[in-house]
Each structure stands twice: as C-alpha cells, then as structure tokens.
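Working from the sequences, and respecting the hints, build out all of it.
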Amino acid sequence: MIQLRSVRRVYELGGHLVEALRGIDLEVPAGEYLSVMGPSGSGKSTLLNILGCLDRPTSGTYRLDGQEVEKLDETVLSQVRGHRIGFVFQSFHLVPRLTAFGNVELPMVFAGIARSERTRRVREALSSVGLAGREEHRPAQLSGGERQRVAIARAVVMGPKVLMADEPTGNLDSKSGSEVIALLERMNADGLTLIVVTHDQALGSRARRRVRMADGEVIEDSARA
Amino acid sequence: MTVADLVRFSAQALTGHRLRAGLSLVGVAIGVSSVILLTSLGEGARRYVTAEFASLGTNLLVITPGRNETTGGSAIPGTAVIRDLTLEDAVALRRRVPRLRFVAPIVAGQVSARYGERERVTNVAGTTADYAPLRGVRMSLGRYLPAGDAALGQRICVLGPKLANSLFPGESALGKLLRLGDQRFRVIGVWAPRGVSLGRDFDEYAHVPVAAAMRMFDRSGLSEIDSDVASSDEIEPARVSVLAVLKDRHEGEEDVTVVTQGSIVGSFTRILAILTAALAGIAAVSLSVAGVGIMNVMLVSVSERTSEVGLLKALGVTRAQVVAAFLVEASILSTAGGLVGIGFGYAGAYAVKTMYPAFPMFPPDWAVAAALLVSVSVGLAFGVLPAWRASRLDPVAALSRK
Chain A
1 MIQLRSVRRV YELGGHLVEA LRGIDLEVPA GEYLSVMGPS GSGKSTLLNI LGCLDRPTSG
61 TYRLDGQEVE KLDETVLSQV RGHRIGFVFQ SFHLVPRLTA FGNVELPMVF AGIARSERTR
121 RVREALSSVG LAGREEHRPA QLSGGERQRV AIARAVVMGP KVLMADEPTG NLDSKSGSEV
181 IALLERMNAD GLTLIVVTHD QALGSRARRR VRMADGEVIE DSARA
Chain B
1 MTVADLVRFS AQALTGHRLR AGLSLVGVAI GVSSVILLTS LGEGARRYVT AEFASLGTNL
61 LVITPGRNET TGGSAIPGTA VIRDLTLEDA VALRRRVPRL RFVAPIVAGQ VSARYGERER
121 VTNVAGTTAD YAPLRGVRMS LGRYLPAGDA ALGQRICVLG PKLANSLFPG ESALGKLLRL
181 GDQRFRVIGV WAPRGVSLGR DFDEYAHVPV AAAMRMFDRS GLSEIDSDVA SSDEIEPARV
241 SVLAVLKDRH EGEEDVTVVT QGSIVGSFTR ILAILTAALA GIAAVSLSVA GVGIMNVMLV
301 SVSERTSEVG LLKALGVTRA QVVAAFLVEA SILSTAGGLV GIGFGYAGAY AVKTMYPAFP
361 MFPPDWAVAA ALLVSVSVGL AFGVLPAWRA SRLDPVAALS RK
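So the protein lines, in turn, are chains A and B. So in my numbering, the last one in the first sequence is 225, and the numbering has no gaps at all. So in my numbering, the last one in the second sequence is 402, and the numbering has no gaps at all.
No lab work stands behind these hints, which were simulated from the structure alone. Since this is a predicted model, take the numbers as computed values, not measurements. Please note that the accuracy of each hint is not assured.
Stated by the list, open to error - The calculated label-pair distances, taken between Cβ atoms and stated as ranges, are:
1) B:R18 to A:S205: 43 to 51 Å
2) B:V7 to A:K175: 37 to 45 Å
3) B:M355 to A:R120: 53 to 61 Å
Just so it is clear, CB atoms sit at the ideal spot from N, CA and C, and this is done for glycine as well.
Take a look at the structure:
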C-alpha cells in the first residue's frame, strides 16, 4: 500500500530551483497495475525514484505499508529497497561480468541469504521468466528481451511487494517488448503491485489504472475519473 | 552477507579490468620484492660479518698492550705501548684467571723462510699449544705445537697449508728442516685449510713456539694475548679479572686493552641494523608509490562502475556494504601483489645466492611478514577514498549514467 501526501521535490540545477514534483497526492493499493505516462520532464521519473525510495521528497509524506519512509535512515531505506521493492530499468542494468545466474543472485548475496537457498531461488526465478538453462550465459550472450527477463528475475527474486518498471520495453523490439509486458502482467496477476513509467501510449493504456503527468503534477488519474 | 561472498564478489569485480588490475598488482609486487631484497642484503651483510667473526673463535678476549679508550680498536703491535705484555703476564693469567679456558701469547712478525732453493717472506706467529683449540685449528698432517713450558722455545714449526705447498710442492713437509730467519726449524705439522677471515689468510702462516719467535724477532714483549671463556656471559667477569691481574703485575697501571669479540660484533651489528632499516625505508617508498597506483585503479574502477554502484543501491545494498566491497577489492589487489612480490623477492634472493654463494642473502622473516602486512594495509588505506566515493554516489544520478 502506497500513500503520497502533497509530495514536492525541488532540485537545484545551475543555481535555479527546479520543481520536479509540485504536490502529488497518490494512493496505490496493493496488487494495483498502474501506469504513469507523460512527456519527458513531466516528473514521472522523479515520482518513480521517490516511490522506489531512491530519492526523498523535499516535503510531504510517503507511507509505504503505513511506514513513513522519509523518516528512515539510509541503511534502513536500503533494506526497504532490497526487500520490498523491485526495479526494472530501460537499460536493464545487468552487471556485464556476471552470468545470468550471478546477476539474479546479486541482491541475495548482499542480503546475506545462504548459498543453497540462493541457488534454489535463482533457478526458480530464471525458470519463471522462461530462461531455465541460460544460467551460465553472460549478458553479452543474451538477446535484449532475454536480458530484460534476467533483470525481471533479479527484481522479483527477493520477493518484493512492488515492482517499479521504468520504460521496461524502451530498448526492445516489439516482439520481445510484448513478451516482457506479458511477463510483468502475469506477475501482477499473481499479486505483485506493478508500477510502469512510460511515454508509450500503447504500453501505458494496458494498465488497469492510468495516471498522466505534466509539469510535475498529476493531470489525469483514471481512478478518479 | 558473509566474508566469503564479499571476497568472491570483489574478486569477480577485479576480473572486469584485468590489465589495469594486473599492472597495479605488479606495482605492489615490485614494492614488496624490493623490501624483501633490500632487507635480505642488509640481513645477509649482518650474517656475513657475524660469521666472519665467529670463524675467529667464539667468546674471545684479545689482550693488547697499551691503553686504548675506544673499543673494537686494532691490535697493531707497537701502537701506544706503555709497558710490554710479557710471556710471564700470559703465564700469570693462565694461573690466576681460571675462567680463561685457553691463553695463547702471540708474537707476530715477518721473516724470510727458506728451504733448499725456495725462499719467500712469510708471516710467523709465535704462540703456544693453546692457540689450536682457541682458534679451532685442525691438523691435516703431524701435530700442533706441544704443550709445555712456554719459555722453552724449541726450534720446531707448524705450517699453514698454502705455505707448506709453496715451500714443499709435491712432497711432504713433515720432518723437513726449514730455515726461518737465521735458524732452522723442524716442521712437525701442517694444519687443515682454514681460509681467509677478515682479510687475513691464516693458511699462509708459520707457527713456532712463542719463546723462539721472541728470539727470532728480538722482542721482549708480546703482540697480544688471545684467550677465551666457555660462555658469552663469562666474558665480562673474565675481562674484569684480566684487567685486575695485569694492573697488579704492572705496578698499578692499567696499561692494556681487552677487546672482546662481543664489542666488535656488537658495533658491526648495530651499523648493519641501521643499514637494513634504511634499505627497508627506501623500499617502503616504492610500496607507497604502489599504493597510489592502487588508489588510481580503484578510482577509475569506481567511476567506470558508477551505474553498477547505483544498481547495487537500488537492489538494497547498504552504504557500508559498498564501502566494504571496494575496500576488499583494493586489498585483494594489494595482497595478491604482496604475495607475488614475496615470490619475486625469494627468487631474487635465490638468484643472488646462486651468483655469489659466499654471501648469505637471507630474506628475514620479519621483513616478509611486514611486507605482507604493509601490502594489505596499503590496499585498505589507499582503497578508503575510492570506496567512500562509491558509497556516496547518489543512486538516481548513478543509475542514469550509461
């Protein structure tokens, strides 16, 4: 359950204050499938960063499962990111020197999960994204769609409640793009809250709930319409 | 996360930039191997000198005439003599200082030695039977000077092997009559080769009874009296007793110098220890240069892997874990460099040993341990700045870097 109350985010850029978010109020119930759309500079990426606890609001409150995130210290916040939130990026962000197995294993290594348990969960996650048997491939040996599926396996392997996807199909051809979307939607159907940030109309309109942003404000929310 | 996982992750990260990592590893290896080689040289020199002194005999006390305030001075006869050291002094020491195991009066000089047509100038030392056990002389032929009355002065002599070879090539010297100066001496023995010690070749000497040598050189005083004690802690009491006995015999004048081997070895050891430390210091400079190299590699690594750091943060890796990962990476690099350097160091020491077998090139244990410890610390110390930088990266900015 996500709750934003009058969230503002102001940057200083070259001596000027830039208001990226101008008072956002948003509630996302668990299990929601939400898309955030808008042109570049509309604040949608900033919103995603705040929702993903990578960034903190300048003012306003953010409650994640009832917990006020902006009051948590850096270390606790890291744990919140590690355990409750999964990220999928446009450019995949796989570690090139690690195999598919190693990439999916990465968050569990730092979370201190035992090795045998890690192996079991990596295999499970990779087979759930249809990549069983590709464990030992390095990112360079995989296609774009496969890379993004490895990234999705990595995002869900810690069992998060929310998945944040920033232009997940932006670097993919349409066929692998729709495979990736199908995968994300299947995970949402299994109960994972899915938040997709995109400027792709076709992708955004698939979401059950659609939020449209411009100039740091929500200008349209299908749930309030 | 466990230490094993951390080490594995950091070691894998190093494989991402093999050439750079390899070069900085070589830098540390050169630093460490130079620490080991240079300290080996210093330590080897110390051992060499100690061994040279030990070859003279152990726990020696050398009594020379004349008062010499500085310890470790030379025993050149005739310098600063106030009163002769006499044969009677030697006899008295033998009787009155029971701690002294052997007391060998020595008169040294050069005369011409002749046998048949062959003639050469040779070093002659007059001494007694005590000299052999004192200086570890072993016989290869015949026997050494017989024990007995030191004042007797029989015309017999014992030769060093080189001297024997040059005067009696291809034949046995034993029983031959050799002319030393204007008297003839019967050769009763030849000792086994002893080699050069502190630049003096013992094997070129002829030894005759001390009274015979005093007659030969027309001297009433001794060059020195050599003596020794059973253990090193008896040296000092023996020195005090020797001085007391000789003061008593010389009408209350303390006019002799007692040089103990310990005082000579001690001053050499101090000088060489300082030398070794200085060499280690020079080598430490190259280790710190290697440390800067590691820092450079790590800084490049951090900036190259900015987006990876951002990803790690998004995956829930804490700031402390990021610091740990980069520190471990830097210390793996420096420790591996240290190990390789120790290998180089030992190989270099072995090479020197092979080329100069006489020189005891010896990597001291403390230097090896210190070099390894320092190389680990170099990694940690010079890894701090890059690791701290990585941990401070803003995840949003870091992730947006491609």
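Structure-based check of all given hints:
1. B:R18 to A:S205: 43 to 51 Å: holds (48 Å)
2. B:V7 to A:K175: 37 to 45 Å: holds (41 Å)
3. B:M355 to A:R120: 53 to 61 Å: Cβ of M355 (chain B) to Cβ of R120 (chain A): about 59 Å, so the range 53 to 61 Å holds.
Violated hints are absent here; each numbered hint is respected by the structure.
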